[in-house]
Amino acid sequence: MEGLFPKPIIRLIGDRGVLVEYGNTISQEINRKVRTVAVALNLEMPEGIVEVIPTYRSLLIIYDPLIISLKHVEKELESIEDRLDGLDIPLPRTVEIPVLYGGEYGPDIEFVAHTHNLTVDDVVRIHSGAIYQIYMIGFTPGFPFLGGLPEELHTPRVETPRALVPAGSVGIANNQTGMYPIDSPGGWRLIGRTPLKLFDPVKEDPFLYSAGDMIRFVPISADEYNRILSERNA
Amino acid sequence: MEVFAILEPGAFTTVQDGGRYGYQQFGIPVSGALDMFSYLAANVLVGNGDNAAVLEITFTGPKMEVLSDAIVAVTGADIPVLVNDGPRPAWTSFEVRRGDVLSVRAARRGVRAYLAVGGGISVPVIMGSRSTYTAGKIGGYSGRALAKGDRLHSESVNGRSRLVAFPEELKPSLPDEITLRALPGPQDDYFESGLDAFFNSEFTVSSKADRMGYRLEGPSIELKEGVPRSIISEPSLSGAVQIPADGHPIILLVEQTAGGYAKIATVVTPDLNLVAQAKPGNRIRFKRVDVAEIHRLYADYRSLLEHIKRMF
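Heads up: the sequence lines are chains P and B, in that order.
Under the numbering used here, the residues of the first sequence are numbered 1 to 234, in order.
Under the numbering used here, the residues of the second sequence are numbered 1 to 312, in order.
Among the hints, erroneous ones may be present.
[Claimed, not checked] Listed next, the in silico PhoX-like pairs over lysine-lysine satisfying Cα-Cα at most 20 Å (straight line):
1) P:LYS7 <-> P:LYS33
2) P:LYS7 <-> P:LYS75
3) P:LYS197 <-> B:LYS137
4) B:LYS63 <-> B:LYS171
5) B:LYS309 <-> B:LYS208
6) B:LYS208 <-> P:LYS203
Rather than coming from a laboratory, the hints here were simulated on the basis of the structure.
Take these sequences, add in the hints, and give me the full structure.
Structure (structure tokens):
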């Protein structure tokens, strides 16, 4: 089944979780719906709902069954659905991420260009020309799964994942693009790096973006990269 | 106040508290003590609040020089505790003096022990918690397991003024065979005969068993005909049992963030304390419960926790 379900499917996760599924596919429409309900719930969080976690096509709701019964969680979901039109849901933010493409920071950019008979400049132009929707955050702290990569750049993962992908790396895996907020192993094709600190655990607000926000990559020069990096470390 | 200097760290000793809630939407797992009952008991015994940080010991414990007089208690796994070579009882608070050497040896039964100190272990609060998430390198002591030479601080020297012992009848037993009560779902509709196989078979804990999850050996659980082999990745909750491509169940625990395989059932919260003490080779069965029962079990468990908080 494609597109939004006429009525969301409710799945139970043990004694304190509910998964509300809005569709079966990865699509902007379904993910927008997920974001809308998540934002609405967060605006007027019913007592007993502990956390609302947006995913590609569902919402994971953690509740305290001693405060709110499962039946009431389901009622709240129906009621928020009825009130969605009347709620003032803020539009997703667009967060700009400066990227130094290619060179030592984007060791796979020539492979990506070569695979698609493009020049490196084409890859930079196409990748930074699109706006990406954050479908979900996970895998590592702050790792955004982004939808909307133009088809001309779809490229398979590397055959052997790298043991260490440095924090800030921007990569491509098949129809997805994303970035690594912390040093971690990884198999995505690396095309550039951002000098921004994508995850800063000691900050009041440790992340630059939330699920549902939009991301735009802005090409920068090596000088600019170093300038942002030195300001960050100052 | 400096309370311990680590002479030997033990196999895998981390600082943990009640967990880091509210950040799973950013890919940060809950973390926290794996055996919440023993964790809470350790804090209660030394007079700490119920979210104080403790040391979670895995298989073998640390050897520490005591830097300030303090009250200490060790709970969880059955594990020898010594002060200057003199044994101390588990599940009981006792005093240590500056200059003592406090050693926690190797677990005889169970896997994880909890060492609480009066006042609680002091480390920076990161995103609302002191718990260590080693894969993300955040929380606890520099985001990692303890190492030789580390110096631990306590929040204060306060602790309870009288020494107490945990009631014998409330101490968990540490059996080699456990039965975990579980509610089918969230993706039980991906299985037919696999559900019967899951609830009627015996599994063995494999060597791949850590704070992310416990991989089990035993019969392979099959998906039903016509469903996709994997699902679109989604975050997971502790206790969900994922069936990967090879059909061997994985009980997902507190450091798992997201997964792409169907979850056949989810273990009731109190039984996760049994998982925390199960070691490779131990046997596990699953018992099917319904929604009403899983919520009754959860409510009983929460009342038990409230009871032990007010016990002394």
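Against the structure, the hints:
1. P:LYS7 <-> P:LYS33: 12 Å, holds
2. P:LYS7 <-> P:LYS75: 14 Å, holds
3. P:LYS197 <-> B:LYS137: Status holds; Cα separation ~15 Å.
4. B:LYS63 <-> B:LYS171: 25 Å, violated
5. B:LYS309 <-> B:LYS208: 34 Å, violated
6. B:LYS208 <-> P:LYS203: 34 Å, violated
In summary, the structure is inconsistent with hints 4, 5, 6 from the numbered list given earlier, while agreeing with the others.
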